[in-house]
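Enquirer: Each chain, written out:
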Amino acid sequence: MKVRIDLLDVSERRQQGPVTTRFAVRALLWTLAASSALAGAWLAYTSLQARSEILIQEATWRDVEPRVTAARKMRLRDADAQAFLGELDAWAEIRRPLHGVLDQTQRIVPQEMQFIRMEIRDDIAARRPASEEEAARPYRQFRIRIHGRAAGERSEDTVSRFIQALKDVGSPAPVCPLVSLVSMQTDPFSGSGFSTFEIYAEGAERPLRAATAKTATKTP
Amino acid sequence: MNWAAMSKEQRDRVVLKALVGALAAVGLFYYGVYPLIDRAMELHRRRERLNEKLREADAILRGEDALRRQTEERRQRLVERLSAETPPLSNPLLWATEVIYKHARATGVAVESVSEIKGDIPFWAQPPETKRRADDDDTRSDAPAAPRPPPRRFAPYSVQVNLISSYDRLKAFAHSLETENPAVTLAMISVVAREATPEQHQVRLVVEWPRLLNSMRSKLDAITVSE
Chain A
1 MKVRIDLLDV
11 SERRQQGPVT
21 TRFAVRALLW
31 TLAASSALAG
41 AWLAYTSLQA
51 RSEILIQEAT
61 WRDVEPRVTA
71 ARKMRLRDAD
81 AQAFLGELDA
91 WAEIRRPLHG
101 VLDQTQRIVP
111 QEMQFIRMEI
121 RDDIAARRPA
131 SEEEAARPYR
141 QFRIRIHGRA
151 AGERSEDTVS
161 RFIQALKDVG
171 SPAPVCPLVS
181 LVSMQTDPFS
191 GSGFSTFEIY
201 AEGAERPLRA
211 ATAKTATKTP
Chain B
221 MNWAAMSKEQ
231 RDRVVLKALV
241 GALAAVGLFY
251 YGVYPLIDRA
261 MELHRRRERL
271 NEKLREADAI
281 LRGEDALRRQ
291 TEERRQRLVE
301 RLSAETPPLS
311 NPLLWATEVI
321 YKHARATGVA
331 VESVSEIKGD
341 IPFWAQPPET
351 KRRADDDDTR
361 SDAPAAPRPP
371 PRRFAPYSVQ
381 VNLISSYDRL
391 KAFAHSLETE
401 NPAVTLAMIS
411 VVAREATPEQ
421 HQVRLVVEWP
431 RLLNSMRSKL
441 DAITVSE
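Residue numbers (the working numbering), protein chains in the order written: chain A, 1 to 220; chain B, 221 to 447.
It is possible that part of the hints are untrue.
Lysine-lysine pairs mimicking DSS-like chemistry, simulated, CA-CA at most 27 angstroms apart [what the hints assert, rightly or not]: (1) B:Lys338 with B:Lys322; (2) A:Lys167 with B:Lys391; (3) B:Lys439 with A:Lys73; (4) A:Lys73 with B:Lys273.
Beta-carbon label-pair distances, calculated as ranges [claimed, not checked]: (5) B:Glu229 with A:Ala24: 21 to 29 angstroms; (6) B:Glu415 with A:Asp103: 20 to 28 angstroms; (7) B:Val246 with A:Ala24: 17 to 25 angstroms.
Listing some non-contacts, in silico: residues in chain A with all C-beta distances to chain B over 10 angstroms [stated by the list, open to error]: (8) Gln16; (9) Ala71; (10) Gln111; (11) Val182; (12) Gln185; (13) Phe194; (14) Glu202.
What the hints contain is simulated information worked out from the structure, not anything from laboratory work.
Ideal Cβ positions, reconstructed from N, Cα and C, are used throughout, including at glycine.
The task is simple: from the sequences and hints, build the whole structure.
Expert: Put into structure tokens, the structure is as follows:
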């Protein structure tokens, strides 16, 4: 039996690696301290640099600020002017010239027909919105009411032809595509062979668009 | 330094030193380094914000001349259109009467009367703040303000015109009126045959123009007053 006795005291043992633990710890601490110092110096330098740049930028801003503010106000005024003009354009867009309607209506009236009264309405109306957040939508809509007299044995055909023709007035975008005969009766004052009639026609709603001021969304 | 060879007292001292060292490092970072970094970052952010502000200011100022020209052109066009196409705020009936008579004379139509159709501003043209609210007595003020529809700048101004005219002259009158002003609308036209003069009809017209709302006056003044 072999017995190996280690007679070396623990404190007398030598470090087997290239450097001692003490050296490694010290080197690490020094490296940390040096890097911290370098980082601090870099931080201080960049901060100083940023501060001086800020001072320059602030001075530049103070110089240009009145002009920029004036330009911004000008931009707002321009957007407002555009909105005013846009709304005037909207009023013009919604309008359909009535002289054209009068002219075309005159052309389609048959020889055997005579108007007693004609009323054309294109006034502006609007429905109340469901809530305050919704915009009311005003619109124009043609409504024509004609009270007339037709002569001849087959005056109902004359009226029917006229109704068909009235539907196409204003084509390709007819003014009043919905035309209906309200009444038709023999005219007691004009004798047999004459009928009086009433026609009602209605067009589509033409909404009056709202013009909004377009302002820059991102301003310095 | 050999941990195994140290006495208990020496080990305690080393642990204590390590603890103190760690605490000092944390304290140094928290009270010394961290505020420094924070301040430096804040400076950088401020510089970036200023940079952005100056870049946009530069863009605005580069387009300043073009904007000035455009604004001036728009202003002039608006002033011209307002005076030509819309009745003035003061004495609009006089303006409307002059327009009607001018076209009537040009087309040979006999005007009997021109009268103003008075009425309130239609609800759809009323400025949002004057609209009656259903919840006026509602005291809830913490609710976020709801987005409101864009305000209208014009409301219709109408006059009724009675005239005697043949159908062809009426057409010419309407043509003349509508051609001169793209914003005017013949909102109603009623032609009634007259037994006595079959060629001449009794005509009633409602002529409508967009008229500037009083509430928009200050806004318009801000635009139209040249600097």
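Enquirer: Take the hints in turn and mark each one as holding or not.
Expert: Hints, one by one, checked against the model:
1. B:Lys338 with B:Lys322: Cα-Cα ~23 angstroms, so holds.
2. A:Lys167 with B:Lys391: 20 angstroms, holds
3. B:Lys439 with A:Lys73: 13 angstroms, holds
4. A:Lys73 with B:Lys273: Status holds; Cα separation ~17 angstroms.
5. B:Glu229 with A:Ala24: 21 to 29 angstroms: Since Glu229 of chain B and Ala24 of chain A have Cβ atoms about 24 angstroms apart, the given range 21 to 29 angstroms holds.
6. B:Glu415 with A:Asp103: 20 to 28 angstroms: 25 angstroms, holds
7. B:Val246 with A:Ala24: 17 to 25 angstroms: Given a distance of about 23 angstroms, which is inside 17 to 25 angstroms, the answer is holds.
8. Gln16: Consistent with the label, Gln16 of chain A stays out of reach of chain B, its closest Cβ about 13 angstroms off (over 10 angstroms).
9. Ala71: Ala71 of chain A is in fact no farther than 10 angstroms from some Cβ atom of chain B, at 5 angstroms.
10. Gln111: 15 angstroms, holds
11. Val182: With a cut-off of 10 angstroms, Val182 of chain A remains clear of chain B, as the shortest Cβ separation is near 17 angstroms.
12. Gln185: Its Cβ never comes within 10 angstroms of chain B, the nearest being 18 angstroms, so this holds.
13. Phe194: It holds; Phe194 of chain A is separated from chain B by about 14 angstroms at its closest Cβ, greater than 10 angstroms.
14. Glu202: 15 angstroms, holds
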